[in-house]
Amino acid sequence: MSAFTNLAEDDFLDLFFTNVAFPNVGDAAGLPPSVGANNLHASLHVSDGVSDTSTLQTDSEVAYTGYGRVAVARSVSGWTVASGTVDNDSLMQFGEMTAGGPDTITDVGLGFATSGAGVLQIWGQVALDLVVNDGVNPQFAAGALDVSIN
Amino acid sequence: MQVGASDDQDMVEIILDDLRPRITYQSALEIEQNLRVACKHAARYDRAPAYFWRDVNMEDLNDCPKPHRGFRRSMLVPNVSSWEIKANPPLVALFFDGIGREMDYELGIKLHQMIRRAGRRAKAWGGDTSGNVRMLGNLTNAEDDYRLGLG
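If you're matching them up, the sequences are chains C and D in order.
Residue 1 is where the first sequence starts when you use the working numbering, and the numbers rise one by one after that.
Residue 1 is where the second sequence starts when you use the working numbering, and the numbers rise one by one after that.
With the rest of the complex left out, here is chain C (with noise of 0.2 Å):
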């Protein structure tokens, strides 16, 4: 039996959301963050599209006039990490919809790519299904998008 230790899942989620060096893996410094930090991009999806099995970001992307992938930065100031939780420090506003829908929004993504087929890294449920009709500006509020090791 065996599991990461709650310091690690921090640190994990330290390197991946922040960039912040994994220490102590290997060696004193441990996995050093990537040279290019990047932003992590968020996209919305439809219709309970992704899963564990998914691997491209466009997998049921929503793809209506004015909506594009939001950029967060991969840092301290982009996300919070505490105690197995990670969530966004800052708002997160998509694209208003000024046509192509309605759209109903089930599952939010994470990835590196800013558009087209990327790779999936993460991928979760919103709260409620929000519909999204010309004139809908969907956003997530600082602290809205909230991730968890358990």
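Hints in this document: simulated from the structure, not taken from any laboratory.
Just to be clear, a hint being listed does not mean it is correct.
[Stated by the list, open to error] Partial pick of chain C residues on the chain D-facing surface, computed with a CB cut under 7 Å: (1) A82; (2) G143; (3) A144; (4) L145.
If you're wondering where the values come from, they're calculated on a predicted model, not measured in any experiment.
In this text, a Cβ means the ideal position worked out from N, Cα and C, and glycines have one as well.
Place chain D on chain C using the hints.
Relative to chain C, chain D alone:
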């Protein structure tokens, strides 16, 4: 209002005044995240900062026994079959089999921590060392938020 949560072998019992729903640890760990997200949403209406919930003492999470060697299941069974969490700002509500109780978001965030701690303890009792990553978002319409003065 009396709230709490305790682990009983691989189950979690939640205290909501006179209600005593008993649920699996898997459900408990889902509920704690849903409750946290609902509380954060409710807190926006009170103009509380987004990080208010981190003031809750999460250190209790280290109060967890070593996982049992090998999976095991108790003979206990849940006494409810469904749950739902609603944000009715500045309140949050927990429903079990359609019967619920409302509380303010500050109490809700304390309860979420109690449920999380109990869920992790029950998971350890069951010998489950898996690590599950869950992401949950509260997606809202910017126009609605603006009308409500939420920014």
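Hints versus structure:
no. : hint : verdict
1   : A82  : holds, 6 Å
2   : G143 : holds, 4 Å
3   : A144 : holds, 4 Å
4   : L145 : holds, 5 Å
Violation of the numbered hints given earlier is absent; every hint is satisfied by the structure.
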